Amino acid sequence: MTDIPKHYQPTFFQRLFEPPTIGKMAVGTKVVVYTLLLIWSAFVLFPIYWLFITSFKTAADVNGGPYYLPFIDFMPSLHAWHELFIIDYEDTLRAYFNSIVISLAATGLAVLIGSMAAYALARVKYQPNLVTILLFILTMIGVLVAIGSYGVDWWLVTAVAVAVFFFLMKAISSRYQILLHNGDILFWMISQRILAPIVVVVPIYMMFQSVRLLDTHIAIILTYTVVNLPIVIWLMYDFFSSIPKDLEESAQLDGATMIMTFREVVLPLSRAGLAATTLLVMILCWNEYLLALFLSTAKAQTMPILVAAMNAGERGILWWSMSVVIIVMIIPVVFLAMVLQRYISKGVLLGAVKG
Amino acid sequence: MKLGFKSLLAGVAAAAVLGTAGQSFAGEFDGVTVNILTRPGPVIAKPLVDHGKVFTEMTGAEIRVNEVPFAEIFQKLLTDWATGTNSIDVGVFASGWAVELVDGDLVENLDPYIAKDDKIDIDDIAPYFREYNQKIGGSTYLITVDGDFQMMYYRRDILDKLGLTPPRDWPEYLKVAEAMHGMDLNGDGEADYGSCIFKKRNAQSYFAIGSMAAGFSQTKGTGEGLWFDPETMKPKINNAAWAEAFRVYKETGKYGPPEELNHDIGDTRSLVQAGRCGMVIDWGDIGPLSIDESGAAIKDKIGAVIMPGSRKVLNPASGELEMCTDALCPHAVDGVNHAPFAAFGGWAGAINKKSDAKVKAAAYAFLSYVNQAEQSNVDVTMGWTGYNPYRNSQLNDTTKWVEAGFSQEFADNYLGAIKESLNHPNMASDVRIPGAQQYTGVVLDRELARFLADEITAEQALANIEAGWEEITEDFGRDTQAQMYKLSLGITN
Amino acid sequence: MTSTTRRVENGQPGTGPAGHDHPLSRSARMNEWIDGHARQLFIMPAVIMILIFSIFPLVASLIIAFSRIRLKAGGYQVRFVGFQNFSKQIFGSEQFHFLGTFTTLSILGWVVGLAASGSIAWWMYRYVRQQFSIVGFIGRLITAFVGLALAWMFAATFFSGNQFGTLGVTLFYVFVGCGLQFLIGLGLAFLCSQPIRGRNAFRVMFFIPMMITPIGVGYIFRMLADTTKGPFAPVWQWVGLGDFTWATDPWAARIFIIVGDSWQWIPFIFIILLAAFENIPRDYVEAGEVDGASNWQIFKEISWPQVMPVAVTVMLIRVIEGFKIVDLPNIMTSGGPGIATESMSLHSLFAWRSLDLGQSAAIAYLLLFVTVVICVSFFNLVVVNRMRQS
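Protein chains in written order, with this note's numbering: chain E, 1 to 355; chain D, 1 to 493; chain H, 1 to 390.
Please keep in mind that the hints were generated in silico from the structure rather than gathered at the bench.
Owing to the predicted nature of the structure, the values given are computational and were not obtained by experimental measurement.
Be aware that a few hints might be false.
Here are the computed lysine-lysine pairs in the DSBU-like style, where the Cα-Cα straight-line distance is at most 30 Å [what the hints assert, rightly or not]:
{"#": "1", "chain 1": "D", "residue 1": "Lys299", "chain 2": "H", "residue 2": "Lys229"}
{"#": "2", "chain 1": "D", "residue 1": "Lys301", "chain 2": "H", "residue 2": "Lys229"}
{"#": "3", "chain 1": "D", "residue 1": "Lys46", "chain 2": "H", "residue 2": "Lys229"}
{"#": "4", "chain 1": "E", "residue 1": "Lys299", "chain 2": "D", "residue 2": "Lys301"}
{"#": "5", "chain 1": "E", "residue 1": "Lys30", "chain 2": "H", "residue 2": "Lys229"}
{"#": "6", "chain 1": "H", "residue 1": "Lys88", "chain 2": "D", "residue 2": "Lys234"}
Derived coverage of chain H by chain E (criterion: at least 3 residues anywhere in the stretch with Cβ under 8 Å from a Cβ of chain E; other residues may be distant) [stated by the list, open to error]:
{"#": "7", "region": "96 to 104"}
{"#": "8", "region": "359 to 370"}
In this text, a Cβ means the ideal position worked out from N, Cα and C, and glycines have one as well.
Model the full structure from these sequences, guided by the hints.
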């Protein structure tokens, strides 16, 4: 921090907007900054406030026109809370529990598997053969056509296909080689995120159906893991690429294996990135609707389905109950965000900044 | 044993178990679990849960009601049944949706069950629901739990004050709506609306337009078919009748709430219950809803009447709208051709063909139990159930309705309007063929929305619909579609 | 990649029964084996999972996109129809719905279309003259093709006074919506990175909208935007817009959907950019302040270059998610008025609900194509160049 030179005589306007000392803000700037932040706070908080008071309204309070202030405009009523947590508590708590288990497990898996892959892509050189991959995809199309159009048993086709694939690979792949690089693998993984979930829902459903895992936590956890892998890999790849290699190299010189290096050196260095990625993936899992709807029937239903269910169609929307569900949905995430925020404030994507 | 042998001969093993199912006795279905899929909510689902508990005590079968959001029920059920997952034994959904499932051979034929059932009293079910709604291709596949068709409701107190009578045709409707529009109908000091008809896209608007068009277009009775020519499957939509219906529909928006284009039926109903609408087109629900706690503003102020018809109807020969004559509209009353539209068809239960015989028997016994007069005659009087009357005994006896809180006068008026509609020989049937959702829910609905949003003219919209429908028909195969359509109209030749 | 799989499989039998009697040597061999294959073991779980869960459905739905699916006794019947599903969207009866209504081009339409074509042609020409590689050329050819197609689509629809279809609506949500979200998110992050009190409070507060399920956000905004019983109803009345309703005006409806979308997604951009700003070493900024640089100069010369790479990643993620927008238009307007707010994802969803799986998959693949081309072009042509320059 340096003081202002003594001969410097700022005008009033300059005094308003020039910082008095380095690292501090001038009065004018302060006013502008706080005003903007408060305006934005209002924009963010008003819908939440409205949600909150709606959860205490009756049908008449909602339909009778806007009422803003509890106790003054309208008498708050606990009927929606009562309904969800006393009368129907079984359904509500089950969905809540499902959401928590599924999100935690899927996030944990995705972050673990994803960051391992991201680390490998950032440090190891891979050269897969495009010809082999194309062969693989062609075999797969063959399998699907056989099952879809001719109704052959799936396990039979798969067995034959595996054999055919290995035969073709021996015969063709070793002769023709188009080598891909880490960048291509990364792009391939990331691009998995682009397809809209509607198209993959039915195939995924049929997959789990064939192994009898529908309406179980496992099905949803696995699906969420894969759906979110691209994001983990992307963010963590950026992150790992930026960590200086020196530490890892010296660890390896000391005889540490790749796994040890990853666990003891790399992961502790990446806490910020891991925390941010975890939070993001957790939120995406927590809020997902379409896949959960299809993979669950009763036992594994999650909270977003409960939200959607509050639209009673021709009886209008049960705004009050819906508000309750949304509010209780926010609470765990706020909690998680506060826990993780210590790490995050140290820097998300520190990597990309330096890279 | 005799009964069982007969059924086995008929090749329906399930019916064997059912031979005894009609006479329920405790413990009959011990250890059987019936999984039902339906919409969330108190509406439709809650009565199933409640009856399920009683049913469990009676028979030992556990009734498990699974609820998924309304928009996703059908896809969900279809995926479950078509992929052979079969975690659902009974779907309770719009009866019209079943056609697709029956076409895919996924639904149990209920004829043998009904033949053995001495409690359901099938003849008490109103003819339209018994003969058209529950049947597909001549066999019964569905058990109705809710009877749906549209009527018109009006604010009796306001019409009396203005010295007007309930409209019988659409020009009158518009006139009355105009007269009421802007009045304060519920005494809160704010101007209210003459007419409320939901117009949101991808919601229920294609049911409202069906109700309007039917009066202009269908004159010769249910068998004539509102949507297609049963012989050729040519769409009967690109004509003066539908163009007029489109114009009327848009015109009603002038006397409606400003946001009506974004209102689905739920929004409309909450306005009605708040006393803000002079007239409204709706299913039977408005009656019970008006005696509900939240309908206090309209209690005993509502009247119901058969859906307005038309004095001018389409003459297929000339392609013009012409004044009704005895030859042109044989079913007209006082020169007005009515064609009440059985929109949506009502909620009904269908049983998965692939479920175990024992489960199917229990499932049927449960659906029959819900449908039986003893239970349903009480259910239909309560607004929250979402069940509307479909049995003659429900319509002929006002006691249960008065017990539920109807005034005698309104009960007579409401049931009178229902009876007039239900027994109308010119009742218009919904599209009940494969692809129904694409014909109406996608093509018709979308073009109607574009017309309402002023993107295209009525003529363009109708031409687009015709082209779109032809494409779908070609896709499914014209002959089979025509066959299905004929069957759905009860034409068997 | 695949040769690795084989090696993994071959490795297993050796470790199984042989090591059974000697736990110590077994675990030692196991460790040795793991170390030897660590490079594969790190990436294989991800590859295998994506292969099973992503590639299979992707291929399956590709097949669906080229066929008609119907229910048949005991299952589905798949009938191949070639490109029919796609051509219906691009040339056939669904053209107005997907691309927009084409009549005649207005003068403005011609001007815009020709200007866009000219600049794309010039850009290609410059590339061919300056540097040239086969892969780069093919890539740019695809970009140019999509760019031309989109330019003429907008020229024939929007600039000629016609309505554009779900593709145009999606692009509007992505470019206007995500652009707006980026600017506001960036601004907020910059403000919060200033030395202010209560920064953590702002951080958590601003992050809340992100935690609400998109369906919930749709309903919240539908509730807020209701002009008869929403909280702003008196405001509407007061400014004399009582009879104007956003839901019946195409542009107002689109903008309301963007407002809802922004409310939810700005927090995402904000939180990550804030961290990026905070990671800029303090002394850089202070050095600038000592040199007497203005706030704007500090932002432009010091902060922005440091934040840019993060911003690119964030925006790419946001744009990818943005292309898939479905819940908000579905819940707020159901795609109405008319088809004015219908995104491609919603278009696909509607087809899917009416059991038209082929159309649904075809639209989703068209969306995939457009998304990939735009994102990859943006990354390779804009970002990489920028990074090289700075």
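Each hint, compared with the structure:
Distance hint between D/Lys299 and H/Lys229 is fulfilled; the C-alpha atoms sit about 22 Å from each other, no more than 30 Å. Among the hinted pairs, D/Lys301 with H/Lys229 is consistent with the structure: their alpha-carbon atoms are about 23 Å apart, no more than 30 Å. Distance hint between D/Lys46 and H/Lys229 is fulfilled; the C-alpha atoms sit about 29 Å from each other, no more than 30 Å. Between the alpha carbons of E/Lys299 and D/Lys301 the distance comes to roughly 45 Å, so the proposed pair goes past 30 Å and is violated.
Using a Cα cut-off of 30 Å, the hinted pair E/Lys30 and H/Lys229 is violated, with the two alpha carbons roughly 38 Å apart. With a CA separation close to 21 Å, the supplied pair H/Lys88 and D/Lys234 stays within the 30 Å bound. Note: the region 96 to 104 of chain H has 0 residues with beta-carbon separation from chain E under 8 Å; the three-residue rule is not met and the coverage is violated. Check result for the region 359 to 370 of chain H against chain E: holds, 6 residues qualifying (beta carbon to beta carbon below 8 Å, three or more required).
When each numbered hint is compared with the structure, violations occur for hints 4, 5, 7.
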